[in-house]
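**Student:** The residues making up each chain are set out below.
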Amino acid sequence: MLSHITRRILLMIPNVIAMTFLLFATVSSFLGSPAAAMLGQEASLEEIAALNKQYGFDRPIIVQYLDWIAHALRGDFGRSYTSQQSVADALLPTIPVTLELSLWAILLAVVATVLFNSVPFARRVVQPITTTLAVIGITIPNFMLGICLIFIFAVKLRWLPTTGWVPWSAGVGAHLSHIILPVVTLAANYFGSFTLVYREEYKAAYRRLFIKVARAKGLSETRVSLVHALPNAILPVVTYVGLSLGPLVGGAVVTEMVFSMPGVGRLFVGAIGAHDFPVMLAIGILVIFGVMVANLVSDIVYTSINRQVSLG
Amino acid sequence: MTESTVKSYPMPVTGGSPSDGETLLDLRNLSVSYHMAGQQVRAVRNVDINLKSGEVVALVGESGSGKSTIGHALMGLLRYEDKVAVSGTALLRCKDGVTRDLFAISDREMKRVRGNDISIVFQEPMSSLNPLHSIGHQITEALLAHRKLRRNEARERVLYYLRRLGIPNPEQCMARYPHQLSGGMRQRVMIAMALCCESKLLVADEATTALDATVQAQIIDLLKSLQAETGMAILFITHDLGVVSEMADRAIVLYAGQIVETAATRDLFDTPHMPYTRALLEAIPRLGSSQMKGYELRGIPGRAPSAFERVDGCSFNPRCAYATEACRATMPELDMAKREHLVRCLRWKELQLGGCDEFAAARR
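Chain order of the listed sequences is A and B. Counting along the first sequence from 1, when you hit position 306 you're at 406 in this note's numbering, and nothing is skipped either side. Counting along the second sequence from 1, when you hit position 210 you're at 242 in this note's numbering, and nothing is skipped either side.
In isolation and in its complexed conformation, chain A is listed as follows (with noise of 0.2 Å):
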């Protein structure tokens, strides 16, 4: 087991100096030269070529790159081009807020897919309009469900605040507040399809005989459903999870953005916007390494929770 996890962390590096290359090719040949993004329109050409000489844009791409790798694996990701920061001064404050809002939206709709199909009584109370909710939080776009939410819930009802990041050391009810509805946003999509994924995989397990083995033992109906369905159930799931943290980094860059998050994915369309190649590329890498991350954890969970496979 250790010496997998070790084995999946030494594979990672020949992974991000891979895909580090391509997004570093990609993103300087679709954008061209950044001299010209950083001086305006109306700079004149011995500007841009004064700035690519003093930047080092006018060198092949495959220099640039060892340049810029040579210096990232000494932590130094360069300046943004917009702020002058250094990029990890820009990147590492928006780190906390997207991650804790990744983490609590794919927390909230595990919890919720898990009870509303598995627990009898949820079961029977709330199933019939499961799958309505399911497909409606597939189908609606991340920022209409964010504007409908804040229209709702801050606007008419006045519960929440509209928009905008307060910090824990604010107070935990101003904290708490402030990221319910990016939150249940977030989770909407993920809801929808860990239930459609969770819902057959749980009926599956109810028709294997180690269920009417459960019950021949004299077991409650919720027991046999949450011990014996339900591990069986969520297997699915948790593979489902960790393949799911990169495009959650696109549902992020939506909601941030509708909330006003000062998250990864704000920065990103900055970034994007101003053409600011350190820090585009320095989003990209931590995007790869937090997929890696989290599909090495899910495959730990699985294993923990299904002995037949183990890691190795």
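Simulated from the structure, these hints should not be mistaken for laboratory data. Backbone N, C-alpha and C fix where the C-beta goes; we use that ideal spot for every residue, glycine too. Accuracy of the hints is not assured; some may be wrong.
Unchecked claim - Which residues of chain A face chain B? A few of them, derived with a C-beta cut under 7 Å, are:
(1) Ala170
(2) Ala172
(3) Arg174
(4) Leu309
(5) Phe310
(6) Lys312
(7) Lys317
(8) Leu319
(9) His328
(10) Asn406
(11) Gln408
To be verified - Under the rule of at most 20 Å between Cα atoms (straight-line distance), these lysine to aspartate or glutamate pairs were calculated in the EDC-like manner:
(12) Lys312/A to Glu113/B
(13) Lys312/A to Asp367/B
(14) Lys115/B to Asp139/B
(15) Lys312/A to Glu156/B
(16) Lys312/A to Asp114/B
(17) Lys303/A to Asp114/B
What the hints assert, rightly or not - Over the 10 Å line for every Cβ pair with chain B, so calculated as not near, a few chain A residues:
(18) Arg107
(19) Ile113
(20) Pro114
(21) Ile117
(22) Phe121
(23) Ser144
(24) Val255
(25) Pro267
(26) Val272
(27) Glu301
(28) Val327
(29) Tyr340
(30) Met357
(31) Ile405
Given chain A's structure and the hints, the job is docking chain B onto it.
**Tutor:** Only chain B this time, still in chain A's reference frame:
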């Protein structure tokens, strides 16, 4: 344990009237019908079974004869199926001294009876266990469903049963997962699970069918010694008449959801009155009998009617060599051939079917 395969089993001593003699289960007029494709399909028709404490009764029949349905109905497992109607009464004398009708009590009460007063071992040990939980967890759970025990007490009891079922390294086995055990071991675990609350009635639903012959013999040995030790009654559901002759005090032959013959095992093998029973006996393959004079392994022509089909008259008549016009017109009632020997055949008195001689001889 290769000796088990060649070992012949002694005839059960009880021979139909167990020492206890008290009625444990009185199943009356059980009918089970499924609602399928817009029609009512009767899988079990008016079955009566009386089981005394400590008695081993075999329920014999081909696939689709309704024998497993009876077991599942008794366990209350059909309550969870949609479109299944169970009628009749099943009076079970529970351990607390109260006699309950298993078909009339609430789900809540049934939950207390299941696993405590009546247990079941299913046909497929490979899929009976939840792959995600350890063996120890799954047996302990059965025990704790009915007993208030401390952790270590429960553990001791589970270990006792695992040991009693001949499982090597019971401590290790408790920590294992189902996929790490063989079929025979899993079935032992299932039996330990069924026994751990000391039910007075065990339904063995083809409990040995999926196992290979050697393991089958071991499990049958085990069930016999456990039965002798605990005095529990067993309803042994099987299609294997060899197993019936080894295990059962009494046998009930089912055909198309109906009882067609019931008698003490020896009696049934010696003097079957129903042509179907006789045909079943002829269909048992025997080692070395091919050299015997006049012996022929015969199958039963045709096939059993599916629950969808309606057969006029006796349900066995299309396959019966002795069928007459009368057999095709009237459904025979169960008739008493002698004490504790019932037969559903219009012509049983005139037919001299003869028993399964060498089979009976082997047991004497």
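**Student:** Determine for every hint whether it applies to the structure shown.
**Tutor:** For each hint, the structure was consulted:
Hint status for Ala170/A: violated, given a least beta-carbon distance of 48 Å to chain B, over 7 Å. Restraint check, Ala172/A versus chain B: the minimum CB separation of about 43 Å is more than 7 Å; hint violated. Here the hint on Arg174/A is broken, as its CB sits about 46 Å from the closest CB of chain B, past 7 Å. Taking 7 Å as the C-beta contact cut-off toward chain B, the hint placing Leu309/A at the interface holds, the least distance being around 4 Å.
Of the supplied interface hints, the one on Phe310/A holds, with its beta-carbon coming within about 4 Å of a beta-carbon of chain B, less than 7 Å. Interface restraint check: Lys312/A against chain B, minimum CB-CB distance 6 Å, threshold 7 Å, status holds. Because the closest C-beta pair between Lys317/A and chain B is about 4 Å apart, less than 7 Å, the hint holds. For Leu319/A, the interface hint holds, since its Cβ comes within 7 Å of a Cβ in chain B; the closest pair sits about 6 Å apart.
Look at His328/A: its Cβ gets to within about 5 Å of chain B, closer than 7 Å, so that hint holds up. A hinted interface residue such as Asn406/A counts as satisfied when its beta carbon comes closer than 7 Å to some beta carbon of chain B; here the least separation is about 6 Å, so the hint holds. Given hint, Gln408/A at the interface with chain B, holds; its Cβ is 5 Å from that chain's nearest Cβ, closer than 7 Å. With a CA separation close to 11 Å, the supplied pair Lys312/A and Glu113/B stays within the 20 Å bound.
Between Lys312/A and Asp367/B, the direct Cα distance comes to roughly 37 Å. Violation of the 20 Å bound is thereby established for this hinted pair. As the CA atoms of Lys115/B and Asp139/B are separated by approximately 17 Å, the hinted pair is consistent with the 20 Å bound. The straight-line distance between the Cα atoms of Lys312/A and Glu156/B is roughly 12 Å, inside the 20 Å bound, and the hint therefore holds. Only pairs whose Cα atoms come within 20 Å are accepted, and Lys312/A paired with Asp114/B is accepted, the gap being roughly 14 Å.
A hinted pair counts as satisfied when its Cα atoms are at most 20 Å apart, and Lys303/A with Asp114/B qualifies at roughly 14 Å. No Cβ of chain B comes within 10 Å of the Cβ of Arg107/A; the nearest lies about 24 Å off, and the non-interface call holds. The non-interface label for Ile113/A is consistent with chain B: the shortest C-beta to C-beta separation is roughly 34 Å, beyond 10 Å. Non-interface call for Pro114/A relative to chain B: holds, since the shortest CB-CB distance, roughly 34 Å, exceeds 10 Å.
Every C-beta of chain B lies more than 10 Å from that of Ile117/A, the closest at about 38 Å, which supports listing it as non-interface. Chain B leaves Phe121/A outside its interface by the beta-carbon criterion, the shortest separation being 42 Å against a cut-off of 10 Å. Separation of Ser144/A from chain B is adequate, the least Cβ-Cβ distance of about 69 Å exceeding the 10 Å criterion. With a cut of 10 Å on Cβ distances, Val255/A stays outside the contact zone with chain B, its closest approach being about 47 Å.
Every CB of chain B is more than 10 Å from the CB of Pro267/A (nearest about 40 Å), matching its label as outside the interface. With a cut of 10 Å on Cβ distances, Val272/A stays outside the contact zone with chain B, its closest approach being about 36 Å. With a closest Cβ-Cβ approach of about 13 Å to chain B, Glu301/A is found to remain outside the 10 Å limit, as its non-interface label requires. Interface exclusion of Val327/A from chain B breaks down, the closest Cβ pair being 7 Å apart, not more than 10 Å.
Look at Tyr340/A: its CB is around 18 Å from the nearest CB on chain B, clear of 10 Å, so calling it non-interface holds up. Interface exclusion of Met357/A from chain B stands, the closest Cβ pair being 41 Å apart, more than 10 Å. Some Cβ of chain B comes within 10 Å of the Cβ of Ile405/A; the nearest lies about 6 Å off, and the non-interface call is violated.
In summary, the structure is inconsistent with hints 1, 2, 3, 13, 28 and 31 from the numbered list given earlier, while agreeing with the others.
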